[in-house]
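Sequence lines, in order, name chains W and R.
Residue 1 is where the first sequence starts when you use the working numbering, and the numbers rise one by one after that.
Residue 1001 is where the second sequence starts when you use the working numbering, and the numbers rise one by one after that.
Possibly wrong hints are sitting among the right ones.
Coverage of chain W stretches by chain R, computed from C-beta distances (three or more under 8 Å per stretch; other residues unrestricted) [to be verified]:
{"id": "1", "stretch": "46-55"}
{"id": "2", "stretch": "93-100"}
Just a sample of chain R residues kept apart from chain W, beta carbon distances all over 12 Å, derived [unchecked claim]:
{"id": "3", "residue": "P1013"}
{"id": "4", "residue": "V1027"}
{"id": "5", "residue": "G1033"}
{"id": "6", "residue": "D1052"}
{"id": "7", "residue": "F1144"}
{"id": "8", "residue": "I1171"}
{"id": "9", "residue": "E1186"}
{"id": "10", "residue": "E1187"}
{"id": "11", "residue": "R1189"}
{"id": "12", "residue": "L1215"}
{"id": "13", "residue": "L1216"}
{"id": "14", "residue": "V1315"}
{"id": "15", "residue": "A1316"}
{"id": "16", "residue": "L1338"}
{"id": "17", "residue": "L1339"}
For the record, the hints were derived by calculation from the structure and aren't laboratory data.
In this text, a Cβ means the ideal position worked out from N, Cα and C, and glycines have one as well.
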Amino acid sequence: MLLHVDGLGVHLSGKPVVRDLVFQLDAGELLVVLGPNGAGKSTLLRGLAGEHKVARGQVMFAGRPLASWSSRDLARQRAVMPQRVEVNFPLTVEEVVRLGRPPESISQSMPVLLELMELLDINHLRHRLAPGLSGGEQQRVQLARVLAQIWDAEGPVLLLLDECTSALDPAHQQQVFSLLRRLARQRGFAVLAVAHDLNLAARFADRLMLLHQGQGYMVGSPSEVLTKAVLADVYGLSARILELDEGYPLVIPQDDAHKSAYSQPFSRWEPINPSCRQAS
Amino acid sequence: MVIDGAGRMAKGPALLMILGAAFAVSVVSVSSGAYPLSVADILAVLMGDLEDEIASMVLLDVRLPRLVLGFLVGAVLAVSGAILQGLFRNPLADPGLIGVSAGASLAAIAVIVLGGTWLGGWLELAGVWALPISAFIGGSGTVFLAWRIARRAGQTSVATLLLAGIAINAIAGAGTGLLTFYSSDEELRSLTFWTMGSLGHASWDDVAMAAPWLLLSLCAAPFLARPLDAFLLGEQVVGHLGYNTDWTKRAAVLIAGLGVGAAVAVSGLIGFVGLVVPHLVRQTLGAGHRIVLPASALAGGTLLVGADCLARVVVAPAELPIGLMMALIGGPFFLILLLRTRIA
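All chains, please: the whole structure from these sequences, using the hints.
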């Protein structure tokens, strides 16, 4: 077990934002954290990234308590992508990606930089200044920087990614998630990614963790988690779920306005007994 | 000139150019003035071949300490500016921002105005050193105050540091205004001269007092280069990359505070170096601190010595205060820069 979280609580200015969270993450696994806005996803990630103090519970990383790792050692095995990184200074794309590398000569880091810039499709932006790029391009640059940090790491690797594809077009979203899945499968990286796109999560994740009001609501395979009842309960979302032949569900959000307009004609098929209606 | 894809100059040739400029302004600085010296004279004095006592006195006791001090002060102001801009992630941050200049000038002006009355004892005790020592204590004192305010539960908040600096600046400004209001005509004159900055009284004593602090902050700055690079991506990223965020913040404030405190103590208030030089260096050589810090130091020293030459020449035989000169050059220059980048 690469990451073992037991009874985790993270407080923000005294208030518990994440409570009693229990989950495990294996090497080679891609876990996507879902949940409505304000559910505590980013706070959980920041707690694991060491930005917020862990108020309660225990976090074990590679068999050792997370707090006992020195920040330097940890930086070799764990890389973090925050939700937003703004670059205000004239750094080129290549320079930003290189910031992820440990102190080494430019000729040493160049092969890694070139490989990552190729993988994230930012090679053509290599000498452009980062502040002038579009949001999606900047996000890919940051992801390359994060991956550069642990690209040639030995031993366990943990990737913590907070909405790392939120600004990307569908093709790049797919490209990034299949890259993450490949890294997990082939290199044994443990990946914890916060995301909002349910279908993207269902397609690529090994398991999903659903957070609700700071607590773990459910952990399981996409088909287990993405059900009509769960989505209605956690998000208040009415959706149709299609179980695809490929083995993962497809979530189709319903048009609420549409539904209420059509609900009238069908009301006669609803059970007459009011207590039944309450039960459903 | 070699320019790459990001519109930057190659680092090696650019550094050589700055070095060349530094050498050129140094020669101009030691040779020009009320008692002109030729390059041959200078070489002769330095070799000990010249019998001319006035020439050797002018060179060794007036021009050289002035050159050395000008270079060190310019370098430290520019490097401190670069460090604070990195720390605050704001290219408009200035060494004055954390209150160091305001605190130093308040202390110095207090000595000038109250030296005859309340602070008489201090003046007797410290003699000619009273002014620079007070300025140094005032400058580094305000930095520590701002820093103490910004520290809570073992962490330093950069935003609070900035706000505390602004508040301290305002309070020190009010104190300075009050003292100015109560000063006599004669005090007012020496006080104005001081707030506009000057290298005119530079002596080896000044160099001996300020140089250790100035050199300390110049030599310590490069150790911050990598964590400061990480700061450009945000405070949180510094920790993710394995650097000690709080240690970096403390070291940065300390280096900038001590350096600028010492600089203000011997040369008064000199603005714009800390703002314009790092900005220019970033535009031409890139924002990585491993190049920004050394290039800013060289260019800052060169700029200040150059401005000092101009300040001595334009209204010769009198001298313009160098702070005024810097503002005269720096202001319009910065505006042109802004307009150019806005159009581009």
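Structure-based check of each hint:
no.	hint	result
1	46-55	holds (count 4)
2	93-100	holds (count 4)
3	P1013	18 Å, holds
4	V1027	33 Å, holds
5	G1033	39 Å, holds
6	D1052	51 Å, holds
7	F1144	26 Å, holds
8	I1171	29 Å, holds
9	E1186	47 Å, holds
10	E1187	43 Å, holds
11	R1189	42 Å, holds
12	L1215	25 Å, holds
13	L1216	23 Å, holds
14	V1315	38 Å, holds
15	A1316	40 Å, holds
16	L1338	15 Å, holds
17	L1339	18 Å, holds
No hint from the list above goes unmet by this structure.
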